[in-house]
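Novice: If you're matching them up, the sequences are chains S and D in order. Take the first sequence: its position 118, counting from 1, is numbered 117 in our numbering, and each next residue is one higher. Take the second sequence: its position 470, counting from 1, is numbered 469 in our numbering, and each next residue is one higher.
Since the hints were made in silico from the structure, they are not lab data. Careful, some of the hints might be misleading.
The list makes no distinction among identical chains, and a pair is therefore deemed to hold if it is satisfied within one copy or across any two copies.
Heads up, simulated DSSO-like pairs for lysine-lysine below, C-alpha to C-alpha not over 30 Å straight-line [as the list claims (entries may be wrong)]:
hint, residue 1, residue 2
1, LYS109, LYS222
2, LYS5, LYS297
3, LYS154, LYS5
4, LYS487, LYS223
5, LYS223, LYS154
6, LYS297, LYS222
7, LYS109, LYS297
8, LYS483, LYS304
9, LYS109, LYS487
Number of protein chains: 2
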Amino acid sequence: MAPTAKTPPPRIQIQEVWPIVDCGRYPTKRTVGDTVEVWANVFRDGHDVLAASIRYRPARERRWRDTPMRPLGNDRWAGSFEVDRPGRWQYTIEAWVDRKATWVGEIGRKVQAGQEELSGELSEGAVLFGVENLTIEEALELEGGDRSDVTSLPKPLELDVDRERALFGSWYELFPRSWGGFEGVAEILPQLAELGFDVVYLPPIHPIGTTNRKGRNNALRAKKGDPGSPWAIGSELGGHDAIDPALGTIDDFDRLVERGREVGVEIALDFAIQCSPDHPWLKEHPEWFHRRPDGTLKFAENPPKRYQDIYNVNFDCEDWRDLWDALRDVVQHWVDHGVRAFRVDNPHTKPVAFWEWLIADIRSRTPEAIFLSEAFTRPAMMTTLAKVGFAQSYTYFTWKNTKWELFELMGQILGWAECYRPNFFANTPDILTEYLARGGPPAFEARLVLAATLSPTYGIYSGFEHFENVPVRETSEEYLDSEKYEVKERRLDGPLLPLVQRLNLIRRENPALQRLTNLTFLETESDALVAYAKVERGSAVIVCVNLDPFSWQEGVAIVPASLGLPPAYGARDLLRDEVYGWRIGRNYVALPPGGSHVLRVEA
Amino acid sequence: MAPTAKTPPPRIQIQEVWPIVDCGRYPTKRTVGDTVEVWANVFRDGHDVLAASIRYRPARERRWRDTPMRPLGNDRWAGSFEVDRPGRWQYTIEAWVDRKATWVGEIGRKVQAGQEELSGELSEGAVLFGVENLTIEEALELEGGDRSDVTSLPKPLELDVDRERALFGSWYELFPRSWGGFEGVAEILPQLAELGFDVVYLPPIHPIGTTNRKGRNNALRAKKGDPGSPWAIGSELGGHDAIDPALGTIDDFDRLVERGREVGVEIALDFAIQCSPDHPWLKEHPEWFHRRPDGTLKFAENPPKRYQDIYNVNFDCEDWRDLWDALRDVVQHWVDHGVRAFRVDNPHTKPVAFWEWLIADIRSRTPEAIFLSEAFTRPAMMTTLAKVGFAQSYTYFTWKNTKWELFELMGQILGWAECYRPNFFANTPDILTEYLARGGPPAFEARLVLAATLSPTYGIYSGFEHFENVPVRETSEEYLDSEKYEVKERRLDGPLLPLVQRLNLIRRENPALQRLTNLTFLETESDALVAYAKVERGSAVIVCVNLDPFSWQEGVAIVPASLGLPPAYGARDLLRDEVYGWRIGRNYVALPPGGSHVLRVEA
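Only chain S is shown next, with the shape it has when bound in the complex (with noise of 0.2 Å):
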């Protein structure tokens, strides 16, 4: 039997719709700002003429605004709407035949071929139009312009905008306790907003536990006056939403949240699901933590590493709803407090549907909220956790520092641009790469250039612009005398910070380094030099790095012509100061160990 609907099914299709993330399952990530293009087949059996609009809205609004599609020809379509605020937006493909078109196409190609017995046609176009005794001449004035057969999706797809901090910025790790606590970082907010900072990511500002406190270099015992690692939360003086004494009050806090918000840098706190074995959790909420049949209490680990300063919580746990609202009402506290940027630590390690709930929680009421996944893991995973609703991840980054490996690695992320940002760290207090420990000054140096030209969000934990590179011991990537585990007297003068400064302004000058998806790497002829063109409206801009930090090496950067820059212009070098002449094809490129050129074409 025929279905039984009482109308037939809709013969119009829509397909292949993009942008899409797993087939609808997650929302495409987009930025405040961004014109987000549409594509979509649209068809229909038969020869009828079709029309086709995209409808879309912030999903709180009930109103669908309403936009049209242009037909690409073979049945491809395209339209395209402005995201003007952050938050969750909705959209959805509407398509419907245009009769009346259709009638007036169809006559007037009859008429243009002689035919003129067409009194059963005019009788159709006269109830069509609605008009008696319709005249061939008149029928070949009247034009389209109804609906009929309007069909939609089956249901809206999603878009998460994000303010455009999630996209392009500049950030500043330092532990706070090595600057003079909250008052001392207020301080050098000014000179870091100078710098061109966007961020000042700080680690966990909680108290830190006692019990089973790491000493310096990861000592299992602390000594005496050991400060422990700021990521052991939690002690007798407060959990996760409480401030370690030692870097000041909840007062002196929203103090440097204020202050960093006259300056221009915004306060980004790490949210770290872990609690010392002091946290008051412990207590109030043992139901909350693994616990082994002999009673003993798990403490985190990896095996057969062991973190024995540390209990993880217990997803699983039957009172699950209670931690997962409590782990929320910590991340609202700080927001509450003015915090828009979280770093989250190890999400990888707790469940994907958790992060899906909470971060959309925070955001539903607050859609200038971004999460910053701190993820090292496989991709897999750290893609779900940007589906899911992570702004920004980190990356492999930092163990990619060869041509290749670079290549590859932003085919990678290009490839995952739909709902991935990537933050280019150069190092983090986790992370002291070989590359760096061996090649000194000129590594940092091109790592920096690297990491501030190739991701529209990049970052240096403070130490990169001192050039610090020794680690604990041959081969670790952990630092000697790590400030995980003790404090340092940091001040703001490190020999790399005028590099810095200057990347950061250049940065905020072209826009073409605003952006991820418009990077093209060159051809060099040398494994030595990576060379690559960001291109954006009227902004131009050409990378050439050499990757030796030993050796001056020479090379070329060759200029595809479907780049459409001039087939000859002035290529100003921005650290420089100084013009060359470049052109399409083949430029002669010659550079310092470690050293770069940022070009900006100039017509």
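Here the structure of chain S is known, so what remains is to put chain D in place on it, guided by the hints.
Specialist: Then chain D, alone, in the frame of chain S:
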């Protein structure tokens, strides 16, 4: 508030499943005997040991079958199963945590790292394995094998499995009225079988209308004795379920089908949904047809083209359900008379939802039924017809005559291979290409070899083997004195038949020619020479064709090492029974106008 379900959401992710068509909206196509390879990303937060399996079944069976997946690294898993009967199949992926294997792995790594205080761990293991007072030595002997956190795809994916003839077969199209009706066709079936044909396709066999009947060469008025076009279906003698008395009776037809079964040649019918003005349905069901406001019936047209001898049904009429049922009953009628293959006329001008319903309905009772789509239209519609159930489709092959066109065509078809199978007719009653009209016999030879070796299914329309190539007028693709409008006297004595027979035999003996996706084009350093290899489990064939129908051409066929053929081998030309020495790399080729090598690789 956290989600309100009793248990937390699943932690295992199953993503990027393959094969899948349009996010699971349509089934993937496979052929009986195929090994279905399945891939997916399977992963979970944390470090637990995972396992996964494919569950699959014919859709009618309750019981799921099970086959393990194996991890390929980076969270990618793979497995496979065989489909051993036609019809709809389902498959899903199931993944789980093996908690016992996780525990055994962890305690092993701890022991290896020299950790000795493991009493808490052993208390866990004792509970997990139900062993009292577990010792370390005993623990290291334990094995995994339990399932917790079992997770599946949200719903099963579907496969549409066809019998082998849907993928591989040689078709011959003939107008039975030119061969002495059903009796005459029955007489030549043994000879067609000997020529290696698998399917004989007959244009419509129903009574032909007399009103507005077309005359010879598509004249608007038939002369006395003109038989009319078989596609003007229906007269006072009956409609789509009746037989044109000029061809025989229903008993004759049954005998024809039976004779085909005896000699191994299958009869395929045409399903053309259109009615001559004399079709019984116009009187019995006037509501099924388009009527203008002035009361006139609308004949078929594609303005400014008019088809005054046929009326199209109105799929949107109020009584559409009865119309759909009646059309299905027509197909069922011929299924009941033993027909298992239908060539469908112009399916792209009927609703795709109708085809999806009709084909599924017929195949639910007769999964051996296959439908060939005669759609020459844009790619979106051609592939959608494949998705909704057509086992095969006509293609643009006839119009692709240069090397680059063939390369592009095959790339497109291979990109559709998960749901679309081509049938390469070298000509049809509607398509006499300029290449054949100008190129003469060498052009016919080249096109025959291309059709029979590029696609596992190919066909010719009778006349091809006689090199018939006179168009009704210059630039027309219609034949002069087209068989569509008159009766011919046909005999199986065309000069091209020995090559046809040879090719059909070669196709049967070489499994590499029975598959679509095993194709690799070879570089030839000549625009006139096209070369390609097809490799399939122990069978490898290399084909070289001179596309120039006027001159000898020479070049090379460059065999890449990636094909996996021996460094040097004998290449036996199956058309000439000569053996050449071929190797990886450059192989000299010289061919006469339209000539070919069909080379079997002999180790």
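Novice: All the hints need checking, so say for each whether the structure fits it.
Specialist: Structure-based check of all given hints:
Proximity of LYS109 and LYS222 under a CA criterion of 30 Å is satisfied inter-copy only: 27 Å between copies versus 96 Å inside one chain copy. For the homomeric pair LYS5 and LYS297, the shortest alpha-carbon distance between copies (25 Å) is at most 30 Å, but the shortest distance inside one copy (62 Å) is not. Proximity of LYS154 to LYS5 under the C-alpha cut-off of 30 Å is found in both arrangements, the shortest distances being 21 Å within a copy and 28 Å between copies. Only within a single protomer do LYS487 and LYS223 lie at most 30 Å apart by alpha-carbon distance; the minimum there is 17 Å, versus 108 Å between protomers.
When the C-alpha separation of LYS223 and LYS154 is checked against a cutoff of 30 Å, the pair qualifies neither within a copy, at 62 Å, nor between copies, at 59 Å. Taking the closest pair of Cα atoms, LYS297 and LYS222 come within 30 Å of each other only inside a single copy of the chain (24 Å); across copies the shortest separation is 96 Å, beyond that limit. Proximity of LYS109 to LYS297 under the C-alpha cut-off of 30 Å is restricted to the inter-copy arrangement: shortest distance 14 Å between copies versus 83 Å within a copy. For a Cα distance limit of 30 Å, the shortest separation of LYS483 from LYS304 inside one copy, 18 Å, qualifies, whereas the shortest one across copies, 81 Å, does not.
In the homo-oligomer, the alpha carbons of LYS109 and LYS487 never lie at most 30 Å apart, since the shortest distance is 87 Å inside one protomer and 35 Å across protomers.
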